[in-house]
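What follows is the residue order along each chain.
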Amino acid sequence: MNDIKNINLGGHPFAIDMNAYFALEDYLIAIEKHFAHSSGNKEIVEDIESRIAEIFRERQKPLEVVVLTDVQEAIAVMGTPEEFGGETEHDEFYDDIPKTEWVFGKKMMRDEEDSIIGGVCSGLSAYLGVEDPIWVRLGMAFLILGMGVGFGLYIILWIVMPAAESPSDRLAMRGDEINVENISKEMERGMETFTDSMNKFGEKVTEFGEKFSKKG
Amino acid sequence: MVSVKAQMRKGILEMCILSIIERGEIYTSDILIKLKAAELIVVEGTLYPLLTRLKNGGMLDYTWKESTSGPPRKYFIITEEGSAFLKELKTSWKQLNKSVNKSMK
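Same order as they appear, the protein sequences are chains G and R. The numbers in my numbering rise by one with no breaks, and the one at position 171 of the first sequence is 171. The numbers in my numbering rise by one with no breaks, and the one at position 89 of the second sequence is 89.
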């Protein structure tokens, strides 16, 4: 035996089992939460509600009480918010960056994008505010060749300094303020570097192909 | 890379949704049928946030139409801005397609 509730879903009246009602309520709340930061979230939820109503009406016996299996079937068709594919309004780009790393201030980090060996010198020059890493590199070379302590120092720094991997790392390395605008700039720059290296890769392949065909 | 993939999917889906609607005024659930038939979406929920976004961006508009069975239904139409945007999308899609095919030969 089960209690029944009368609901209005997307303009359609339905009699629904209590356990089915709770399942549907949970689902709709989850969707509402998922789109809480989107503009037009109310509209999205309304559209989904009317679609669920339509699914209920397309059942073999549309006038019967909606039971739990009906709700479960409708949810399977609509999908959970996680299955929607991250189509939230706020950019999912920024979700990839762990919030805990949003520390202000400069950090000593290795710059692996601009590196000769481990990116220690370019990281150091960013930390020290030296524009061209060549000076730090020369200093390091002097310490290694001239005094012999440089090699050990380099290895220690390599181990101690973490690599600047994410865009927010790179900003922290240079001491730039970490905000959404700067991060998106850094990400765009990252994409350019990627395109550049892809182009270079393409050139190399063509070069290789030409050499190869000449030999053959 | 997950987000790059998601962005790409989203862009392609938007182009497909716009071209479906460009063919003429259409009811939301009929868009769903076409997208599902083309295996472009798995769950129906994917469509609604995209439609709302395109509408808020001025690419789409909708009208309410009376239905014989139940409450009025939302019918989508493409705006002039949406048509222009779709044209751009199609051009860049063709270029991209060409480049990708060339590079994979």
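These are calculated hints, taken from the structure and not from any lab test. Beta carbons are placed, not taken as given, at the ideal position from N, Cα and C, and that holds for glycine. Incorrect hints may appear among the rest.
A short list of chain G residues far from chain R (calculated; beta carbon distances all over 12 Å) [claimed, not checked]:
#1 GLU25
#2 ILE44
#3 GLU46
#4 LEU143
#5 ILE155
#6 ILE159
Derived coverage of chain G by chain R (criterion: at least 3 residues anywhere in the stretch with Cβ under 8 Å from a Cβ of chain R; other residues may be distant) [stated by the list, open to error]:
#7 36-42
#8 110-121
#9 129-138
In rising order, the numbers of the hints this structure does not comply with: 2, 3, 8 and 9
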